[in-house]
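Undergrad: One-letter residues, chain by chain:
There are 4 protein chains.
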Amino acid sequence: MRIRVFTTGGTIDKVYFDAASTYEIGDPQVGPLFKEANVTFDFVVESVMQKDSLHMTDDDRAVIRERVAAAPEKLILITHGTDTMTETAARLAGLPDKVIVFTGSVLPARFRQSDARCNLGCAVGALQVLPPGIYIAMNGRVFPASQVKKNRAQSRFEPKA
Amino acid sequence: MRIRVFTTGGTIDKVYFDAASTYEIGDPQVGPLFKEANVTFDFVVESVMQKDSLHMTDDDRAVIRERVAAAPEKLILITHGTDTMTETAARLAGLPDKVIVFTGSVLPARFRQSDARCNLGCAVGALQVLPPGIYIAMNGRVFPASQVKKNRAQSRFEPKA
Amino acid sequence: MRIRVFTTGGTIDKVYFDAASTYEIGDPQVGPLFKEANVTFDFVVESVMQKDSLHMTDDDRAVIRERVAAAPEKLILITHGTDTMTETAARLAGLPDKVIVFTGSVLPARFRQSDARCNLGCAVGALQVLPPGIYIAMNGRVFPASQVKKNRAQSRFEPKA
Amino acid sequence: MRIRVFTTGGTIDKVYFDAASTYEIGDPQVGPLFKEANVTFDFVVESVMQKDSLHMTDDDRAVIRERVAAAPEKLILITHGTDTMTETAARLAGLPDKVIVFTGSVLPARFRQSDARCNLGCAVGALQVLPPGIYIAMNGRVFPASQVKKNRAQSRFEPKA
Chain A
1 MRIRVFTTGG
11 TIDKVYFDAA
21 STYEIGDPQV
31 GPLFKEANVT
41 FDFVVESVMQ
51 KDSLHMTDDD
61 RAVIRERVAA
71 APEKLILITH
81 GTDTMTETAA
91 RLAGLPDKVI
101 VFTGSVLPAR
111 FRQSDARCNL
121 GCAVGALQVL
131 PPGIYIAMNG
141 RVFPASQVKK
151 NRAQSRFEPK
161 A
Chain B
162 MRIRVFTTGG
172 TIDKVYFDAA
182 STYEIGDPQV
192 GPLFKEANVT
202 FDFVVESVMQ
212 KDSLHMTDDD
222 RAVIRERVAA
232 APEKLILITH
242 GTDTMTETAA
252 RLAGLPDKVI
262 VFTGSVLPAR
272 FRQSDARCNL
282 GCAVGALQVL
292 PPGIYIAMNG
302 RVFPASQVKK
312 NRAQSRFEPK
322 A
Chain C
323 MRIRVFTTGG
333 TIDKVYFDAA
343 STYEIGDPQV
353 GPLFKEANVT
363 FDFVVESVMQ
373 KDSLHMTDDD
383 RAVIRERVAA
393 APEKLILITH
403 GTDTMTETAA
413 RLAGLPDKVI
423 VFTGSVLPAR
433 FRQSDARCNL
443 GCAVGALQVL
453 PPGIYIAMNG
463 RVFPASQVKK
473 NRAQSRFEPK
483 A
Chain D
484 MRIRVFTTGG
494 TIDKVYFDAA
504 STYEIGDPQV
514 GPLFKEANVT
524 FDFVVESVMQ
534 KDSLHMTDDD
544 RAVIRERVAA
554 APEKLILITH
564 GTDTMTETAA
574 RLAGLPDKVI
584 VFTGSVLPAR
594 FRQSDARCNL
604 GCAVGALQVL
614 PPGIYIAMNG
624 RVFPASQVKK
634 NRAQSRFEPK
644 A
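Protein chains in written order, with my numbering: chain A, 1 to 161; chain B, 162 to 322; chain C, 323 to 483; chain D, 484 to 644.
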């Protein structure tokens, strides 16, 4: 079992820079978190961009699609900001034979209390047993990407009405 | 989506008691961890026993089987010590229509660095998409329970030869 | 031994709000951190304001001075943003018989890795053995407040040249 | 400012070994914790032994005394198990011109929730401002070592009656 992880930024990777009193997106956390979890599958991490997903453009999404299409692996995990996760997922439609799972977190992985570890685990658990398609794993749930939306007021994902 | 969680003890729930300089199994951690992860599925936690799995008896396993059989839910998550997880799993064979996933951890959930959160997430991600059967989710992998064993020297689960 | 803690905001208390993708100053962390550390001295926490110290005004500092002067306790701990900690400290000169120690942190207490716990401990350790005066406890050092400055490029406190 | 740290074991350094289902004393944590706290004083860590303090012998204490006496530094920090901290402290009486502070923790530093960081900070804060003597820094308090005892039922240090 081998997974290719594309990291694109988002809250999961945010870090605090005291010098500027700002939070910015730092190095991808998925590799250290997988190591902490002592995972035994093969994985490679490919950092595509480091963006807050509110700032992602159509061109950014085209780049992500190209990279995913070019990946030799069938199993694709994408870490992504939550605010436009569904938009990027929609842009990956039509890539045959890929299982693609998006995840991220509402609190940075660098926080003591965070949903990052559970979300990553949930994404990986689903990725290896799902049929080809595009999914979002958030809040302990796994949704087909086209059937879910973020409830921003509640900071959680819900099925579309 | 609703999950019934049976907790049986194991390293995942270990706590340190200074007064006796010993580590013992404390309150189940799965509820607090699900809350930290902001999960949106329904779940109920049922503590069956608090044992190191090396000390589990046949009678203990009979009790676990009774409880699982009596559960109204289809989706069953069992937290369990890793050393005899496969033995208990073998005792649950033949319960129709249940998806049963075992998980646990090699380092206690109360540690700063632990595989507990990722393992729980992985178990939940797989539980909701797998067909009925008995599975073990450890090391970021999901295995049919009858096809895996613990490599104790390496503290990890591997496919049976 | 009894300590009055005045909290004024600063990075130590920062929290992340997903709904707005912003970091803001949340509830004071000193009480939970003292509880985690199992401290046995008496303390009371008084929240004066919740500000990034770059936004503190002369009026804010006048309020802090009033509150400290009115405190019945001799031992005063003030948590404060690091950028203008020395300015506020300078405004407390001339309060007789008080031992006043400022502390804070460069990474939020809610982060997994943070200087907050060590800084708070250092401040408390010094507070109970120092003579009356105004001090800053940061980076594991205790300085008379008038003899230290923040090196912002390095995010640390250093003796004035 | 330069500190010599002698590590002797104790709960502060305990780690969990899954292969044996036991907790043992691991590598000293004081160095990593000081690094996390971004301390700016010089320090050197000298590991003397790795023992649960209940297992310390008179010979062990003689070794600790020799090492402290031989240290070129005036400021000495000793991390030690809490159960016999006061016995070891009593054996260091009569070393001239040294400020010696003992600390440790009731929960291992590797736990998410632990008193280790606050205790280390408290010890360091006191160490640099105290006159020569032997002290114990625990529970946010700093005591002359001869005037304190551990209340084992409550897992905390208290003044001697």
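Hints listed in this document are in silico derivations from the structure and should not be mistaken for laboratory results. There may be inaccurate statements among the hints.
Under the rule of at most 20 angstroms between Cα atoms (straight-line distance), these lysine to aspartate or glutamate pairs were calculated in the DMTMM-like manner [as the list claims (entries may be wrong)]:
{"id": "1", "chain 1": "C", "residue 1": "K471", "chain 2": "A", "residue 2": "D27"}
{"id": "2", "chain 1": "D", "residue 1": "K643", "chain 2": "D", "residue 2": "E556"}
{"id": "3", "chain 1": "D", "residue 1": "K534", "chain 2": "B", "residue 2": "D179"}
{"id": "4", "chain 1": "A", "residue 1": "K150", "chain 2": "C", "residue 2": "E480"}
{"id": "5", "chain 1": "D", "residue 1": "K518", "chain 2": "D", "residue 2": "E529"}
Undergrad: Does each hint hold? Answer for all of them.
TA: Okay, the hints, checked on the actual structure:
1. C/K471 <-> A/D27: violated (30 angstroms)
2. D/K643 <-> D/E556: violated (30 angstroms)
3. D/K534 <-> B/D179: Between D/K534 and B/D179 the Cα gap is close to 15 angstroms, so the pair holds against 20 angstroms.
4. A/K150 <-> C/E480: Answer violated: A/K150 to C/E480 is near 46 angstroms, above 20 angstroms.
5. D/K518 <-> D/E529: It holds: about 16 angstroms lies between the C-alpha atoms, which stays within 20 angstroms.
Hints 1, 2 and 4 from the earlier list are contradicted by this structure; the remaining hints agree with it.
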